[in-house]
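Visitor: When you get a sec, could you build the whole thing from the sequences and use the hints?
Protein chains: 2
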Amino acid sequence: MSYLQLITSPTLLLDEKICRANIKKMADKAARHHMKLVPHFKTAQSKEIGKWAKDYGITEVTVSSIKMAEYLSGEGWKNIHIAFPFNPLETLKLDKIAENQSISVQIINAKTAQILAEQLHHPVGFFIEIDAGYGRTGVEVTDFGLIEEILLIAKKSDQLNFKGFYLHPGHSYYMPDIPAIYEESRNALSMLKTKYSTEYPDLVTRIGDTPGCAVMEDFGDIDEMGPGNFVFYDLMQSNLGGCDKEDIAVCLAVPVVDIKKDRKEILVHGGGVHLAKDVLIDQDGNKNFGEVVYLNEDGWTIPEDRSYLKSISQEHGIIKASDELLSKVKVGDLLGILPVHSCMTADAMGEYLTLEGKTVDHAEGVHE
Amino acid sequence: MSYLQLITSPTLLLDEKICRANIKKMADKAARHHMKLVPHFKTAQSKEIGKWAKDYGITEVTVSSIKMAEYLSGEGWKNIHIAFPFNPLETLKLDKIAENQSISVQIINAKTAQILAEQLHHPVGFFIEIDAGYGRTGVEVTDFGLIEEILLIAKKSDQLNFKGFYLHPGHSYYMPDIPAIYEESRNALSMLKTKYSTEYPDLVTRIGDTPGCAVMEDFGDIDEMGPGNFVFYDLMQSNLGGCDKEDIAVCLAVPVVDIKKDRKEILVHGGGVHLAKDVLIDQDGNKNFGEVVYLNEDGWTIPEDRSYLKSISQEHGIIKASDELLSKVKVGDLLGILPVHSCMTADAMGEYLTLEGKTVDHAEGVHE
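Protein chains in written order, with our numbering: chain A, 375 to 742; chain B, 375 to 742.
Simulated from the structure, these hints should not be mistaken for laboratory data.
Treat the hints with care, since some could be wrong.
[What the hints assert, rightly or not] Straight-line C-alpha distance at most 25 Å; calculated PhoX-like pairs for lysine-lysine: (1) B:Lys661 x A:Lys684; (2) A:Lys661 x B:Lys441; (3) A:Lys441 x A:Lys452; (4) A:Lys530 x A:Lys619; (5) B:Lys391 x A:Lys702; (6) A:Lys485 x B:Lys702; (7) B:Lys421 x B:Lys403; (8) B:Lys410 x B:Lys399; (9) B:Lys702 x B:Lys732; (10) B:Lys470 x B:Lys398; (11) A:Lys704 x B:Lys529; (12) B:Lys694 x A:Lys485; (13) B:Lys428 x A:Lys467; (14) B:Lys425 x B:Lys452; (15) B:Lys421 x B:Lys485; (16) B:Lys569 x A:Lys485; (17) B:Lys410 x B:Lys428; (18) B:Lys684 x B:Lys635; (19) A:Lys732 x B:Lys441; (20) A:Lys684 x A:Lys638; (21) A:Lys467 x B:Lys529; (22) A:Lys530 x B:Lys425; (23) B:Lys732 x A:Lys441; (24) B:Lys399 x B:Lys619; (25) B:Lys441 x A:Lys704; (26) A:Lys732 x B:Lys634; (27) B:Lys684 x B:Lys661; (28) B:Lys485 x A:Lys635; (29) B:Lys421 x A:Lys485; (30) B:Lys441 x B:Lys470; (31) A:Lys661 x B:Lys661; (32) A:Lys634 x B:Lys485; (33) B:Lys399 x B:Lys452.
Guide: If you want it as structure tokens, here you go:
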């Protein structure tokens with residue numbers, strides 16, 4: 375039986391072959407640059423996809439919340455890293471995970487370091503997150519006073535172990551100038567490594583964004599990479615040039631509920647609660663909430679003439695359709711939608727269906 | 375113990391008093407206009423909040439998917455209406471619900487009517503959804519050919535029962551000119567009622583948006599109202615003038631993880647996977663993903679000087695903070711965020727915590 379026969383409502387499809395190829399390609403790239411790949415599983419949030427990643431030599435994983443760390447602990451990861459400035463209200467939960475699972479966190483202020491130093495009963499690693507210009511989070515790269523204050527607090531603790539410096543150059547999502555951002559990031563991390571490696575000879579540096587990890591070839595002396603989105607990719611990444619649309623490993627299957635031929639519009643069941651509301655805006659100001667692919671028994675094909683979601687509300691999606699699509703679509707059909715931001719779509723859907731008809735877990739869909 | 379002591383991670387708070395007052399006010403308004411209030415539970419998606427609604431004389435409920443209908447069936451509702459153009463792939467599921475629960479759907483094309491007429495074994499009501507200018511979904515108000523084609527198909531079926539005309543003037547969310555939209559909507563529904571009531575003397579007309587139901591006082595001869603968002607309201611509604619900020623019944627409690635005094639920014643754990651990504655944009659082009667309230671043991675207070683989320687990513691939120699907030703906030707504190715779009719925030723969170731520390735169900739958080 376085809377996976378298509380299992381679908382009656384919006385369903386997130388996952389092409390295992392594409393997903394594995396994406397993981398393999400990034401693992402090969404990391405190996406070529408003598409870097410350790412520690413994928414960010416905020417995108418996949420899945421034990422099963424974690425097993426696939428292990429097939430390509432991946433032994434450690436990154437997450438963005440204690441909830442995800444809880445979900446993935448006990449799955450045999452050599453370490454789980456929470457790449458989010460640690461929330462001191464979750465110290466007890468962290469300590470509990472650390473009892474049975476090697477785990478690390480990010481620290482960007484002295485108060486959080488102090489709380490962890492005082493309250494942990496089990497060993498926890500930490501990275502200091504560095505802000506080299508993105509401005510979302512992190513210690514400013516030249517704020518040696520704060521870096522050393524954090525290191526000093528940790529030194530007095532038996533449980534808090536400094537691992538190195540983490541940098542997420544998230545502005546690579548907004549700026550076409552990834553090489554310049556990477557030069558700045560490489561220099562920042564290299565300077566910190568040089569400055570602190572005498573005292574901490576094992577310290578490592580890690581960089582964390584998908585666009586940069588996908589397109590750059592010069593990582594300088596950075597030791598580890600932690601991209602997330604690359605396991606699935608999406609339209610945002612293909613727009614940035616980090617992947618081709620053919621590399622996108624997930625698409626939302628949506629039922630066609632009405633067709634307005636005169637307006638060239640198709641109404642589907644598929645809206646903000648399924649795709650999330652990330653949007654691409656083209657030069658003419660047109661919004662694009664996802665692009666149509668044609669589903670078949672083996673997966674999907676990308677049409678030459680583009681059809682796309684021009685608007686979405688909570689459950690509704692309106693497709694601006696090409697003539698080709700209009701000529702063959704019928705009420706009751708299923709179409710595929712390539713998502714703008716696959717991390718958010720996967721989180722909204724909380725489950726995947728493979729092309730073999732197998733359900734794959736996602737942390738959000740499991741209530742333990 | 376205060377509800378605050380239960381919170382270590384992003385948590386959606388629900389003030390039961392405000393929520394009940396919102397329901398009561400709309401129920402009183404419907405009664406004053408001799409209309410039936412059939413609230414749209416795409417917002418609350420909750421069995422428990424359904425019980426509260428029953429305290430104010432509400433006996434029927436609206437939903438936007440078969441999944442929500444399944445969730446709320448068997449809860450004693452006199453009827454559950456799915457206010458979404460019916461997806462014919464879900465005919466079997468609908469038929470199964472209809473075995474034990476009075477249910478109705480929306481039909482906007484002949485093909486779907488035909489499939490339902492042929493395949494249903496249990497009685498199902500239906501509204502014809504009318505498009506009077508919004509353009510998202512529905513039969514154009516003057517397309518009598520299509521209206522009569524659908525009615526004729528239903529007439530030949532033993533199970534498909536025509537209930538009336540439904541109109542969602544969703545453009546009231548985008549245009550300040552609600553009175554003009556309502557005049558058009560009233561006229562459209564009144565014309566259809568007059569035209570078809572000889573043949574269908576029991577037919578009713580229903581209108582479905584919160585902004586209009588909140589601010590209008592002239593509903594003409596419309597029989598029923600089906601607003602949804604009013605149970606919680608949100609910043610989008612208060613911006614439109616449909617409510618005051620004091621009427622907003624939900625807020626997201628978020629932990630403070632870092633403070634940058636020089637930039638007047640506060641980093642919180644609370645992003646797109648919690649709030650969803652709906653955004654308000656002010657006259658100067660500044661984005662607002664939610665506004666800060668101060669939490670206390672009795673609930674929250676709205677500060678005079680506004681602080682707001684200027685940007686969010688998957689898990690991060692960055693608050694542009696007032697001087698007052700900066701002067702008292704500490705890492706490890708909890709702040710409240712009034713959401714821009716409460717329906718989407720509730721769907722993302724999948725659960726509520728009341729100020730009494732009680733968990734309230736949401737369909738998305740329950741896996742049966």
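Visitor: Could you run down the list of hints and mark each one as holding or not?
Guide: Consistency of the hints with the structure:
{"no.": "1", "hint": "B:Lys661 x A:Lys684", "in the structure": "holds, 21 Å"}
{"no.": "2", "hint": "A:Lys661 x B:Lys441", "in the structure": "violated, 28 Å"}
{"no.": "3", "hint": "A:Lys441 x A:Lys452", "in the structure": "holds, 18 Å"}
{"no.": "4", "hint": "A:Lys530 x A:Lys619", "in the structure": "violated, 50 Å"}
{"no.": "5", "hint": "B:Lys391 x A:Lys702", "in the structure": "violated, 52 Å"}
{"no.": "6", "hint": "A:Lys485 x B:Lys702", "in the structure": "holds, 15 Å"}
{"no.": "7", "hint": "B:Lys421 x B:Lys403", "in the structure": "holds, 23 Å"}
{"no.": "8", "hint": "B:Lys410 x B:Lys399", "in the structure": "holds, 13 Å"}
{"no.": "9", "hint": "B:Lys702 x B:Lys732", "in the structure": "violated, 29 Å"}
{"no.": "10", "hint": "B:Lys470 x B:Lys398", "in the structure": "violated, 33 Å"}
{"no.": "11", "hint": "A:Lys704 x B:Lys529", "in the structure": "holds, 24 Å"}
{"no.": "12", "hint": "B:Lys694 x A:Lys485", "in the structure": "holds, 21 Å"}
{"no.": "13", "hint": "B:Lys428 x A:Lys467", "in the structure": "violated, 39 Å"}
{"no.": "14", "hint": "B:Lys425 x B:Lys452", "in the structure": "holds, 13 Å"}
{"no.": "15", "hint": "B:Lys421 x B:Lys485", "in the structure": "violated, 33 Å"}
{"no.": "16", "hint": "B:Lys569 x A:Lys485", "in the structure": "violated, 71 Å"}
{"no.": "17", "hint": "B:Lys410 x B:Lys428", "in the structure": "holds, 13 Å"}
{"no.": "18", "hint": "B:Lys684 x B:Lys635", "in the structure": "holds, 15 Å"}
{"no.": "19", "hint": "A:Lys732 x B:Lys441", "in the structure": "holds, 21 Å"}
{"no.": "20", "hint": "A:Lys684 x A:Lys638", "in the structure": "holds, 11 Å"}
{"no.": "21", "hint": "A:Lys467 x B:Lys529", "in the structure": "violated, 61 Å"}
{"no.": "22", "hint": "A:Lys530 x B:Lys425", "in the structure": "violated, 55 Å"}
{"no.": "23", "hint": "B:Lys732 x A:Lys441", "in the structure": "holds, 21 Å"}
{"no.": "24", "hint": "B:Lys399 x B:Lys619", "in the structure": "holds, 16 Å"}
{"no.": "25", "hint": "B:Lys441 x A:Lys704", "in the structure": "holds, 23 Å"}
{"no.": "26", "hint": "A:Lys732 x B:Lys634", "in the structure": "violated, 46 Å"}
{"no.": "27", "hint": "B:Lys684 x B:Lys661", "in the structure": "holds, 6 Å"}
{"no.": "28", "hint": "B:Lys485 x A:Lys635", "in the structure": "holds, 15 Å"}
{"no.": "29", "hint": "B:Lys421 x A:Lys485", "in the structure": "violated, 42 Å"}
{"no.": "30", "hint": "B:Lys441 x B:Lys470", "in the structure": "holds, 12 Å"}
{"no.": "31", "hint": "A:Lys661 x B:Lys661", "in the structure": "holds, 17 Å"}
{"no.": "32", "hint": "A:Lys634 x B:Lys485", "in the structure": "holds, 13 Å"}
{"no.": "33", "hint": "B:Lys399 x B:Lys452", "in the structure": "holds, 22 Å"}
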